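Asks: Quick note, the sequences are listed as chains S and G, same order. Numbering of the first sequence is given in full-length UniProt numbering, commencing with residue 1 and proceeding in unit increments. Numbering of the second sequence is given in full-length UniProt numbering, commencing with residue 1 and proceeding in unit increments.
By construction, these hints were calculated from the structure, which means they are not laboratory data. Remember, it's a predicted structure, so these values are computed and weren't measured experimentally. One or more of the hints may lead you astray.
Intra- or inter-copy, both count: the list cannot distinguish identical chains.
What the hints assert, rightly or not - BS3-like mimics (lysine-lysine), calculated; alpha carbons at most 25 Å apart, straight line:
(1) Lys56 to Lys717
(2) Lys510 to Lys717
(3) Lys280 to Lys650
(4) Lys297 to Lys650
(5) Lys268 to Lys510
(6) Lys268 to Lys650
(7) Lys268 to Lys181
(8) Lys155 to Lys717
(9) Lys251 to Lys297
(10) Lys280 to Lys111
(11) Lys111 to Lys181
(12) Lys142 to Lys155
(13) Lys142 to Lys297
(14) Lys142 to Lys181
(15) Lys111 to Lys173
(16) Lys510 to Lys442
Chain by chain, the residues:
2 protein chains.
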Amino acid sequence: MPLQIPQIPEKIPDIKPLRRADTLGLDDPATAYIAYNDKYIIVFDFSSLDVSEASKQLSALLSDLESVGLQTEIRVGYDESLLVFVQAPRELLGNTVHHSRVKDWLYGITKKHPGGNSNSIVAGDNEAEDLQSLYHLLTWSKELGGAGITPGFGKWENISSAFPLHNPIRNQKLLVHLSKKFFLSSDDLDQIRDLWGTKVAFYFAFIQDYFLSLAFPCVAGVLAWAFLPKYSLAFAVVICIWCTVFLEYWKIREVDLSIRWNVRGVGKLKVNRPQYRYEKEVVDAAGRVQQYFPRWKRIVRQLTVVPFLALSTIFLTIVIGTVFALETFIVEGYDGPYDYYLEYVPTVMLALLLPFINNWLEKLAARLTEYENHRTEDYYEMSLTQKIFVLQSISNYLPIFLTAFVYVPFGETFIPHLRTYILSLAGGAVDPNFAFHVDSNKLRNEVITLTVTGQVSSAIEELALPYLKTNARDWWRTWRTTHTFAMGGQTRFVRGDDPIEARFLRRVRKQAALAHYDVHEDISEMVLQFGYLALFSPVWPLIPIGFFVNNWFELRADIIKITIEHQRPAPIRNDGIGPWVASLEALTWLGSLTSAAIVHLFGFHNATVYGLNTWWTLPITIFASEHIFLGFRAGVRWALHAIGSEHIRKERSELYAERKKHLDELEASSAKRGHLDVVERERRKSVRMTASDVFWTRQVEEGASMRAGLGMIRALKGSDFDEPMKEE
Amino acid sequence: MPLQIPQIPEKIPDIKPLRRADTLGLDDPATAYIAYNDKYIIVFDFSSLDVSEASKQLSALLSDLESVGLQTEIRVGYDESLLVFVQAPRELLGNTVHHSRVKDWLYGITKKHPGGNSNSIVAGDNEAEDLQSLYHLLTWSKELGGAGITPGFGKWENISSAFPLHNPIRNQKLLVHLSKKFFLSSDDLDQIRDLWGTKVAFYFAFIQDYFLSLAFPCVAGVLAWAFLPKYSLAFAVVICIWCTVFLEYWKIREVDLSIRWNVRGVGKLKVNRPQYRYEKEVVDAAGRVQQYFPRWKRIVRQLTVVPFLALSTIFLTIVIGTVFALETFIVEGYDGPYDYYLEYVPTVMLALLLPFINNWLEKLAARLTEYENHRTEDYYEMSLTQKIFVLQSISNYLPIFLTAFVYVPFGETFIPHLRTYILSLAGGAVDPNFAFHVDSNKLRNEVITLTVTGQVSSAIEELALPYLKTNARDWWRTWRTTHTFAMGGQTRFVRGDDPIEARFLRRVRKQAALAHYDVHEDISEMVLQFGYLALFSPVWPLIPIGFFVNNWFELRADIIKITIEHQRPAPIRNDGIGPWVASLEALTWLGSLTSAAIVHLFGFHNATVYGLNTWWTLPITIFASEHIFLGFRAGVRWALHAIGSEHIRKERSELYAERKKHLDELEASSAKRGHLDVVERERRKSVRMTASDVFWTRQVEEGASMRAGLGMIRALKGSDFDEPMKEE
């Protein structure tokens, strides 16, 4: 793909007014305009170090920051920590931004050279761009021209976090703006991108599109609920179609947005993660030193995921299965003392157990992923989130699977036995004529509970709890800190913070104490929700409505969450939601199996009588539905592919516009061919003598070929030679 | 992706010795070196025209050729046709080659600008490249700088063909070379590319790799045949694995070759096919006029393929099914008079019928594809060949399907009824105690016959027959032509050809009479063969050996075929075997179903007793095997993707090498940052007075931050203030 040739302009392109301003301005609205694009906070926690070690590390940190030309101010943080305020001088920041733009151009991520030369100083188009460059200055290795600060890792394990400051005014604006709008336009997404970078923006783009497209299943759901039988096949089909179309649409949308935000293929630019261990350094064809770790080795290592997932699946199945069995038994079968209270025991148990188990498994997954030794942070995250997602889906969907495919169909058969067995264990009296009847609504109730309560509880978990928690901790720490200094006894610190900085520092300390924001958690929540739809839609057609309402709030709530309960995310670039698309596709596929099975078992056949007939036709139903789904998906893909993406076409024609310039110049020359031709004819005559050209010089004279040809035609047609030529 | 900036060199790059030489040289080995890179033959058949019309068209043709600067010589052809010899002057050809190279660069197909300017004259790297440019000069529309000659279409419907001349010496060399080698290296493929262009070369690359990879199923087959039971599951699995791995390998290989041959993504460059009908011309963003035909319309039109294929499938099923039933009946059931002869009637019937039916259906398919109105020849070919392929597979595989899944399992049941029924029709005596026993070897025999005879017959069809045919026709025509001129009576023509041209002209006339070569036919043959393996491998494990042997000859035979029985193909460029990969994948997928079913029916269960049990477990078997296959395929893809393609990596690092030049210059500047830093510090001091900078100027002095920080650490650690600083 050709690129515009970089012109070295006479003068450096003029620069936007830079955003240096009163750091304290926030406190008096008069000077409210304050720069957040060039500031970064590093939290140095030396509680585990003695004075000398701490000071060593601090001086190392400061000199590393100095070495790339960053400015520092130090203030005390909570407990035994220091806040190192980092600011990039306008020349340095502007220059870094320019460099990274040029680099984007060189790697073909943007199509136009930004102009300017290697000393150019430009202002980023938005805070995110500036902060990204600042982030690179801080975190990139020294070879890449960064300070090589890697919070919590290796040399810098005592740096508990490094984060940019929230921009409260713009956060405020954004929130107000979004809460007014029902639908988010791409421009609104741009605003999010400007604040927190594309990686986060893509999540909001996804939840927005997903939310909108939910309108369709909502309508379908209401209709199905009103007019269709329970466990309706038609509804299942509709949902399956919706899932497919939405996914294929999203894939195109992802490309469009990544072109809009100039991040398409940005993955290539990602640098090695500090934890990456390489075997040797090789100099490749292009003469660059590459840190080589054999691919096949990583592949082999990644294969360990298979046993891991297999085992943890089995484990979870056993745990959940047991609790499930117990519950069923107590609820349906047990009629001894305290049964009213006992009913809740298993559920409570599970509620208490699962978090621990999951947490433990996730730790294992993290270790495993670490062992896989991925080169970039991206790959690492992908690999990890995928593992975690599988674990989550198991603990989320398994109960429903058990109800649908074990409890309801087989309950009649095994529960009495179970009861007898347990009672015999308990040594209780077995009532021989105990009859048990499966509650065929259990499935529906279970799905409703799981989805609805899920939404609510997650909302509380995400918003209310952390809010209270942080505030409490915050209050306590403020008290402690001030207290410390009161007791500290050094004259220098008696008065604590300088009063004009106080409020600013309080804000920073608060943010320093906040958690790091991981966008994948929010995405996985949406994916799990999507999964309920894809897998169990026929059970209760009104599910989508709940989701629709929830997601409208979810979107806004997540923005609040980021602004209040998390440190401002470093504006990392990404060109999509990455591996989640694959997860969504897997769920849709699986859905074509499960919903078919559900319809088959609960829709076609009386849900309480299961003959052999039910069972041996089941695989056929599943098989059919799966292949109809696959066929349909292929169709949709083909069609959407044929229609193609508007942005891609736009991009192409932009490229073409540049090429055209070159082509024109080339085609201009084709005029000359005429004379080439004449020249050639002369040449041909001149060489007529040489035997080699005999053949090609017979009809060289003007019109000779024509006369010869005409003669032949006449001859072959046997028409009279002397008749006047009609065409003369 | 950045490209090297086109330097305008002082002097035009010096040119290889051009290949103009004695056209007649072929006849005396002394002057054997002759140029085929700049000659094209146009056959003008005016048998349907009267003299004046014919001469009009001829003059139009000649002037169009002149207009782009091509040289012409005319000689008589067979019957009422003229041979228009077209030759491109070296300046014109060299310049066109240069242009198309620049165009490749502009469209990002090659990474390096070829250098030179718009008047540069270069020699193609090989005949194919030159001929391709000549082909463009002839066929491209006038707007694109071609003569707009479209043989057999529109204005030029009387041009029966236009083709480059075969290069007998190099053909000879190639054949000898290949017949000596057992394995073809990429260099050998290069030779084919040099002669006939990438489109043909890719076919040979495919058959070569396919042939090699067949070695594995051969060995497996022998082992299975020796040690495994009939219809062995293990063997079916092995073959399925092999299919998958081979396909995934081939996909990477395709990319590698297309990079090696500089044709990656060459599809973008394809021009509109003359038959393309557009609705309106729109000027797009880049200001180019585009012939617009709404995408959705094409999609809708393409949907007509569904009913078409459905109907023709049904139709073929009925035809083949009937014949099949008749045959079975006569062979197994009928014992009336002449049964010995009658046995063969149905087979003969089918053999006579099928070609007609297929031919007719293929004509329909062609019409349909025409109606779909594809923009480029490529799309048209793809769409057509895919349709034809489906039809072919039906008539090839259906008989086996019928035997495997109808005749053998159900024969016992329905054949007696069939017999009774037909006899009752025939009014013959029904023998009540007639017992029929399925010949459970029928399936194996059928597969063997179909595959083996298929190979042999196709070999005859492709080689022997056409050879005889052309020679006969050729002899007859030569006689006729000379005869005509003897009778012609015009003094000018009495002597017929100029003796020194005679042999050359005979060769050209011969080639003019040959058929156009369609590479897709050869590919589809291979794909069908692959299909037998993928679908029915467990039936007879020795099949692959037959294929292995056949394909070694097939490869060479196809080269002979092209050189002797076809006009030299125009060197069209392609970056793969296109849609055939999809067909191969479809077959592999289908294979995971069919071979599972075969193993289930013939392997697990006694092939003559089919209980309900057999049937209701069948879908489960199929379902399982399919999903194992899909899982495995996903795994292979993931692994091969992770390993990646060597060429792609090479390409990337070449790109990088170019970028690096720019980057170096940019990174050089980062040295300056040090002083930026100093400057900044001065600035900060100077502005200390302004309130806004109070915060950021407190620790501006050298080491101030450090001292402050150390103080705080000490304070917080509560260690004595006056103790000497360890690190000083």
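Asks: Could you run down the list of hints and mark each one as holding or not?
Replies: So, going through the hints one by one against the coordinates:
1. Lys56 to Lys717: So Lys56 and Lys717 pass the 25 Å test across copies only (15 Å; inside, 105 Å).
2. Lys510 to Lys717: So Lys510 and Lys717 pass the 25 Å test across copies only (22 Å; inside, 101 Å).
3. Lys280 to Lys650: Between copies only: 19 Å across, 43 Å inside.
4. Lys297 to Lys650: Answer is between: at 21 Å across copies they meet the 25 Å cutoff, but 41 Å inside does not.
5. Lys268 to Lys510: neither (36 Å within a copy, 56 Å between copies)
6. Lys268 to Lys650: both (23 Å within a copy, 15 Å between copies)
7. Lys268 to Lys181: Close neither inside one copy (36 Å) nor across copies (42 Å); limit 25 Å.
8. Lys155 to Lys717: Between copies only: 21 Å across, 96 Å inside.
9. Lys251 to Lys297: between (31 Å within a copy, 23 Å between copies)
10. Lys280 to Lys111: Classified as neither; 35 Å inside a copy, 30 Å across copies.
11. Lys111 to Lys181: neither (33 Å within a copy, 47 Å between copies)
12. Lys142 to Lys155: within (14 Å within a copy, 69 Å between copies)
13. Lys142 to Lys297: Neither, since 28 Å and 57 Å both go past 25 Å.
14. Lys142 to Lys181: neither (45 Å within a copy, 55 Å between copies)
15. Lys111 to Lys173: neither (32 Å within a copy, 47 Å between copies)
16. Lys510 to Lys442: Intra 47 Å, inter 82 Å, cutoff 25 Å: neither.
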